[in-house]
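K.L.:
Single-letter residue listing:
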Amino acid sequence: MVGGPLADSARLALTWFVLAGIGVVIAVLLTALKADALLTHHAQPAVLSLTHAWVAGFLMSATFGAVYQLLPVVVGVPLLSERIAWIHLGLHGLSVLALIPSFWFGRYEGVAIVGVLTALGAVLYAVNVTTTVMRAGRSADSVAWAFAISSWWLVGTVLLGVLLAANRRWGLWAGDPLNWLRAHAHIGVAGFFLTLIQGAAFRLVPMFTMATVAQWGRVRTAIVCTQLGLFGLAPSLAFGWFPGTALSACVLALGIALSGVELRRTLAARRKKALDHGLNGFLGGAIGFGGASLIGLVMVFWPDVDPEWRVRGSVVIGVVALLGGLVPMVSGMLCKILPFLVWLRAYGPMVGKQLVPLAAQLPRVALERVWIEVHAAAVCLLLIGLVRGEAPWLWLGGLGLAVSNGSLWLNFFLVARHLWRPARGVGFR
Amino acid sequence: METNPKETNRANAEPSGVQGSPPGTASESTQGSAPGFGTGPAKEAVWHALSLILDPEYGIPITDLGLVYDVVVEGGEVSVALTLTTPACPAGQVILDGARHAVASLPGVRASQVFLVWDPPWSPEFLSEAAREKLGGR
Numbered sequence: 001m002v003g004g005p006l007a008d009s010a011r012l013a014l015t016w017f018v019l020a021g022i023g024v025v026i027a028v029l030l031t032a033l034k035a036d037a038l039l040t041h042h043a044q045p046a047v048l049s050l051t052h053a054w055v056a057g058f059l060m061s062a063t064f065g066a067v068y069q070l071l072p073v074v075v076g077v078p079l080l081s082e083r084i085a086w087i088h089l090g091l092h093g094l095s096v097l098a099l100i101p102s103f104w105f106g107r108y109e110g111v112a113i114v115g116v117l118t119a120l121g122a123v124l125y126a127v128n129v130t131t132t133v134m135r136a137g138r139s140a141d142s143v144a145w146a147f148a149i150s151s152w153w154l155v156g157t158v159l160l161g162v163l164l165a166a167n168r169r170w171g172l173w174a175g176d177p178l179n180w181l182r183a184h185a186h187i188g189v190a191g192f193f194l195t196l197i198q199g200a201a202f203r204l205v206p207m208f209t210m211a212t213v214a215q216w217g218r219v220r221t222a223i224v225c226t227q228l229g230l231f232g233l234a235p236s237l238a239f240g241w242f243p244g245t246a247l248s249a250c251v252l253a254l255g256i257a258l259s260g261v262e263l264r265r266t267l268a269a270r271r272k273k274a275l276d277h278g279l280n281g282f283l284g285g286a287i288g289f290g291g292a293s294l295i296g297l298v299m300v301f302w303p304d305v306d307p308e309w310r311v312r313g314s315v316v317i318g319v320v321a322l323l324g325g326l327v328p329m330v331s332g333m334l335c336k337i338l339p340f341l342v343w344l345r346a347y348g349p350m351v352g353k354q355l356v357p358l359a360a361q362l363p364r365v366a367l368e369r370v371w372i373e374v375h376a377a378a379v380c381l382l383l384i385g386l387v388r389g390e391a392p393w394l395w396l397g398g399l400g401l402a403v404s405n406g407s408l409w410l411n412f413f414l415v416a417r418h419l420w421r422p423a424r425g426v427g428f429r
Numbered sequence: 001m002e003t004n005p006k007e008t009n010r011a012n013a014e015p016s017g018v019q020g021s022p023p024g025t026a027s028e029s030t031q032g033s034a035p036g037f038g039t040g041p042a043k044e045a046v047w048h049a050l051s052l053i054l055d056p057e058y059g060i061p062i063t064d065l066g067l068v069y070d071v072v073v074e075g076g077e078v079s080v081a082l083t084l085t086t087p088a089c090p091a092g093q094v095i096l097d098g099a100r101h102a103v104a105s106l107p108g109v110r111a112s113q114v115f116l117v118w119d120p121p122w123s124p125e126f127l128s129e130a131a132r133e134k135l136g137g138r
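Protein chains in written order, with the numbering used here: chain A, 1 to 429; chain B, 1 to 138.
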């Protein structure tokens, strides 16, 4: 089959996206109801619950679906096992639904136990992805290996999370758990998400803008810098070793900067000049993520900051990196991937036989515009609330996230509706 | 309808979805609907039929994208050499199947074949002026 087997994996990816939609509903509701919790310590149960609702409930679910869809296209071989991917979905779905309330109520034994399910799912994912990449042999490039490497950072992140929860409940070891929590957060965000994006962006952006990557060497170097930075940063954070943290943070930041430079060059050479809202969301999120990295770097080299601001700063970084960075990046890519998958299933078989709409015609542009503009405003409101220490700004920001994501997922529903109510012929050219 | 001046490399051609099979085998060719007419469709009719297949992302006909390398009409037999933007194009099978059906459905077509060709590899340089204008690029 040309272009890789898509029909079955499209169903798999779409189901993951449904799970992501459930995750985003939970995350948005919790944020709207408890936005003022962001003024407390980032290790407080409510903040941990909010964080994991966004990360595990939405980001991871959407990312898994996208990877299971995109990986066979990238490497040109089928996924090792779709059955394993379906099992992963079941495990992840169950664990997310139990994890979020466990955090919320501070039941860390529940977090540890449920975390084992998440870890098992992560291992299945990593084995599935890595074996697929290895089967591709020489055709596996740096993008494919970014997928594989990131999957093992995910396993490490989840296992560390399980240990942290168990330690919080049963006091397994001495040492500052907050340092280990920082390590857990960084290897999760940078090890899994950043590594993956540093690869996938250079397949997806050229695909949707008719661009070519100018320097694959720079892409590879960026990924290598991220890995080197993380291998130093994780233990340095865990053991509170400043020199290692400082050096590793710089190497990691260099990796992010190199990816940014190459992404900019790729875009400059694109044939399709106009960027739609999905791509703008992705690129805006990339800038937000870069901003979070800069803030983090400043905090590393500014150790004498007031302790209260240091705690607040950690939450600021989290909000910027997740809500200002990863969430719009992943949502933006969903704006591209979901319509294509729906189009493939709903209209692909009719191509050449009758008039069909374009994949690019399925989304509602107005809803996407509301999403991108209101989301940006919501993040700004949250940051104002954090800096000023005033809850009303945070509640407004939470409300803004509800509006923006409501608009986006209404759009996704209307796109998906083509699966059971396809448009017919007239008016689409 | 502009024709693509690129030369088809038949030595590198592979029938749609089948590795290494010689042209003209039953698994690749599609029987047309015309009941034994002597003359086949005009070449322009084939190009026009292919131009109705649009890339789902860019909304540009595959003919303007430069994906159609060659069209040969000999009586009622039609051969089309087609490429894709990349071997891993996720819409590749859809475009291929659509092209196959569009050509086979033309009046006067007794048999048709759609070949996947990878040489020369597709390049944005193959875009028509109309495609470049639509994209807004160079």
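What the hints contain is simulated information worked out from the structure, not anything from laboratory work.
One thing to keep in mind: the hints can contain errors.
Stated by the list, open to error - Part of the chain A face toward chain B, derived, beta carbon under 7 Å: (1) V73; (2) R265; (3) A269; (4) R271; (5) K273; (6) W343; (7) G348; (8) V351; (9) G352; (10) A359.
Stated by the list, open to error - Listed below are the simulated DSS-like cross-link pairs for lysine-lysine, each with C-alpha atoms no more than 27 Å apart in a straight line: (11) K134/B <-> K353/A; (12) K273/A <-> K43/B; (13) K43/B <-> K134/B; (14) K34/A <-> K43/B; (15) K43/B <-> K272/A.
Using N, Cα and C, we set each Cβ at its ideal position, and we do this for glycine too.
K.L.:
Could you work out which of the previously given hints the structure breaks and list their numbers from low to high?
P.N.:
When the structure is compared with the hints, numbers 2, 3, 12, 14 and 15 turn out to be violated.
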